[in-house]
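Student: The lines below spell out each chain.
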Amino acid sequence: MSHPVIDVKGLRTSFKTDDGEIPVVNSIDFHIKPGEVLGIVGESGCGKSVTSLSLMGLVPSPTGKVEGEILFNGDNLTRASESKMRKIRGNEIAMIFQEPMTSLNPVFTIGEQLTEALRIHRNWNKKKALARAVEMLKQVGLPRAEELVREYPHQLSGGMRQRVMIAMAMICEPKLLIADEPTTALDVTIQAQILELMKKLNKETDTAIMLITHDLGVVAEMCQRVVVMYAGRIVEEGDVHSIFRNPKHPYTVGLIQSVPDMRVKKDRLYSIPGNVPKPGSIQLGCHFAPRCPHAMDRCLTETPSLKPFENGQQVRCWLYEDAKGAGKHDSAIS
Amino acid sequence: MLSYTLRRISSLIPVLLGMAFIVFFMIRAIPGDPAQLILGQQATKSSIEALNKELGLDRPWHTQFLEYLGGIFQGDLGMSLKTKTPISEEIWPYLAATIELSVVAMIIAIIIGVNAGIISAWFQNSWFDYTAMVLALIGVSMPIFWLGLMEQYIVSLQWDLLPTTGRDNIRDPVEAITHLYLIDTLLNGRVDQFIEVIRHLILPGIALGTIPMAIIARMTRSSMLEVMRSDYIRTARAKGMKMFWVVYKHSLKNAMIPVVTVIGLQTGLLLGGAILTETIFGWPGIGTYIYEAISYRDYPVIQSGILVIATIFVLINLVVDLLYAAIDPRIKYK
Chain S
26 MSHPVIDVKG LRTSFKTDDG EIPVVNSIDF HIKPGEVLGI VGESGCGKSV TSLSLMGLVP
86 SPTGKVEGEI LFNGDNLTRA SESKMRKIRG NEIAMIFQEP MTSLNPVFTI GEQLTEALRI
146 HRNWNKKKAL ARAVEMLKQV GLPRAEELVR EYPHQLSGGM RQRVMIAMAM ICEPKLLIAD
206 EPTTALDVTI QAQILELMKK LNKETDTAIM LITHDLGVVA EMCQRVVVMY AGRIVEEGDV
266 HSIFRNPKHP YTVGLIQSVP DMRVKKDRLY SIPGNVPKPG SIQLGCHFAP RCPHAMDRCL
326 TETPSLKPFE NGQQVRCWLY EDAKGAGKHD SAIS
Chain C
49 MLSYTLRRIS SLIPVLLGMA FIVFFMIRAI PGDPAQLILG QQATKSSIEA LNKELGLDRP
109 WHTQFLEYLG GIFQGDLGMS LKTKTPISEE IWPYLAATIE LSVVAMIIAI IIGVNAGIIS
169 AWFQNSWFDY TAMVLALIGV SMPIFWLGLM EQYIVSLQWD LLPTTGRDNI RDPVEAITHL
229 YLIDTLLNGR VDQFIEVIRH LILPGIALGT IPMAIIARMT RSSMLEVMRS DYIRTARAKG
289 MKMFWVVYKH SLKNAMIPVV TVIGLQTGLL LGGAILTETI FGWPGIGTYI YEAISYRDYP
349 VIQSGILVIA TIFVLINLVV DLLYAAIDPR IKYK
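Sequence lines, in order, name chains S and C.
If you count the first sequence from 1, position 170 lands on 195 in the numbering used here, and the numbers rise without skipping.
If you count the second sequence from 1, position 269 lands on 317 in the numbering used here, and the numbers rise without skipping.
Check before you lean on any hint, since a few could be wrong.
As the list claims (entries may be wrong) - Which residues of chain C face chain S? A partial, calculated answer using Cβ under 8 Å:
#1 Arg-107
#2 Lys-290
#3 Asn-302
Note that these hints are calculated values from the structure, not bench results.
Nothing here was measured: the structure is a model prediction, and the numbers come from that model.
Yeah, the Cβ is synthetic: ideal placement off N, Cα and C, and Gly gets one too.
Starting from the given sequences, assemble the full structure and let the hints guide the process.
Tutor: Here it is as structure tokens:
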């Protein structure tokens with residue numbers, strides 16, 4: 026097995042507030058292998074975006090604090106200096122964001138913004154960088170790339186801008202691309218195109234992708250492995266087939282059930298009752314217990330640990346305390 | 049862009065006509081007879097009438113106004129009642145003095161104000177931020193005359209560092225060519241007097257520049273704070289860009305749009321509002337010129353002086369509008 030591109034161990038990101046230090050991401054572990062697409066799934070507010078910002082070293086200081094280990098190229102990024110992080114950002118780890126409409130600077134041309142990373146990290150001159158930018162725009166499937174580099178973001182549609190964002194992130198051929206809800210703000214047809222593009226780039230360049238999303242359809246389409254997060258913790262992890270065919274954690278089950286199925290006509294769509302707890306509001310036990318249909322007394326007082334299964338799946342749930350293999354509680358859940 | 053500029057300039061004509069009209073009547077609404085003032089208390093009624101006839105003040109107002117307007121279009125601003133010289137010849141040295149002082153004041157205000165605002169926003173809630181904003185608050189609330197007198201008292205009298213009044217070393221004057229002394233001294237190759245002129249400009253420049261500086265600093269800070277929270281700043285950071293460039297390139301250009309408006313307005317205000325500073329520092333500027341004309345009921349001078357200031361004000365606003373388009377590509381003039 027090849028070395029993981031990034032290996033996160035016990036990552037804990039907390040923010041100082043008036044009510045004390047509140048952990049938003051709580052001791053999570055995961056790794057991404059070269060060329061792999063890892064999906065991170067969860068509802069809004071479960072700590073997905075904070076995880077990605079922690080990896081980029083962009084958690085706002087001094088209010089935010091990142092602890093644990095983020096191993097990348099043998100360095101622990103949580104301890105890396107700002108100048109070291111700057112050399113990694115945009116060069117070895119790049120990121121694309123949810124809002125293509127506001128993620129590009131309105132007062133600089135596309136070309137200017139695309140070439141910046143090359144000029145920072147590779148010290149290329151303007152001409153050389155611009156040629157590469159044009160090439161990159163073509164690679165992400167944008168027409169008339171030569172003219173596009175002289176245009177401003179407001180002249181582009183949302184889908185085009187997200188392509189520009191992807192081109193911008195990929196221009197230095199990073200080892201890892203973090204995509205934070207890259208398709209959420211786009212039309213469905215454009216979404217498919219963008220996902221297709223990311224898949225293509227992933228195959229061509231062998232860049233690993235950490236895909237953050239709340240859309241299980243996107244995960245099924247793109248990812249090899251999935252990490253399900255709930256309230257700052259990983260509740261389930263496994264390869265995409267096991268997770269979809271055989272979800273174990275009641276939260277994952279709920280998530281999958283809440284995807285509407287065209288073949289079945291229902292009066293109401295399924296939704297998990299309740300809301301994601303506010304960070305810092307849960308103290309003891311399983312974070313999902315208040316919303317869980319299978320909650321037991323134990324769930325409210327003791328925090329379960331991630332229990333591994335033979336097929337590589339891991340679950341944080343008391344239901345599986347004694348379970349050896351998959352399937353035991355399937356009937357109980359569905 | 050060119051056609052927009054031309055159209056904007058032509059649209060200034062009605063504005064300036066209106067200005068001329070308002071000024072013409074407001075001055076005549078002030079009680080007091082110019083002929084009486086020129087001839088003194090002892091003047092006979094017949095001599096006053098004779099002078100009024102000579103000055104053309106006995107004719108109906110519309111004749112006077114049309115004649116005045118006709119003159120303006122030929123570059124004739126009328127004749128001073130007091131000095132009997134054409135105002136168009138007389139006004140420039142005064143205007144030049146004010147322009148020189150205002151430009152220096154604005155340069156001081158912009159350089160210090162913009163940078164203080166930027167650094168305050170960059171290090172929000174730091175000691176620099178607090179100090180700068182308290183100073184800015186003091187700056188906007190400071191009466192100019194008090195600041196000017198304090199400068200003279202401390203810097204000139206106590207420390208003997210800089211001259212108290214005037215524009216240059218009057219014992220050894222330089223031949224006036226443009227009446228902008230900074231330029232005249234250099235044209236004459238007189239470095240010693242050039243330095244003298246700068247020394248004379250510092251104190252009134254600071255006195256006049258303090259309020260705009262404080263306003264610009266506060267405006268820059270709030271504008272920068274807003275911009276620095278935006279998504280595209282996060283994108284710029286994710287590229288691995290140095291914070292300095294994130295602030296001074298990506299943030300500043302966006303944040304300058306409202307700041308440019310304020311700078312334009314403040315520059316316009318300085319031209320007319322320099323009278324206090326001019327009086328304290330014995331600065332022979334346009335404010336002093338008009339002030340003296342008012343106490344003398346020198347109608348043509350008041351009219352033309354105000355008209356000249358208004359014209360400059362309107363032109364500055366035009367420049368501001370054109371600057372918007374230069375900064376923000378989303379603004380396109382059709």
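Student: Is the interface hint satisfied for Lys-290 (chain C)? The criterion is a beta-carbon contact with chain S at less than 8 Å.
Tutor: Holds, about 7 Å.
Student: Less than 8 Å between beta-carbons is the criterion; does Arg-107 (chain C) satisfy it with respect to chain S?
Tutor: 56 Å, violated
Student: At a threshold of 8 Å, is the proposed contact between Asn-302 (chain C) and chain S supported by beta-carbon distances?
Tutor: Given a least distance of 6 Å, the restraint on Asn-302 (chain C) holds.
Hint 1 from the earlier list is the only one contradicted by this structure; the remaining hints agree with it.
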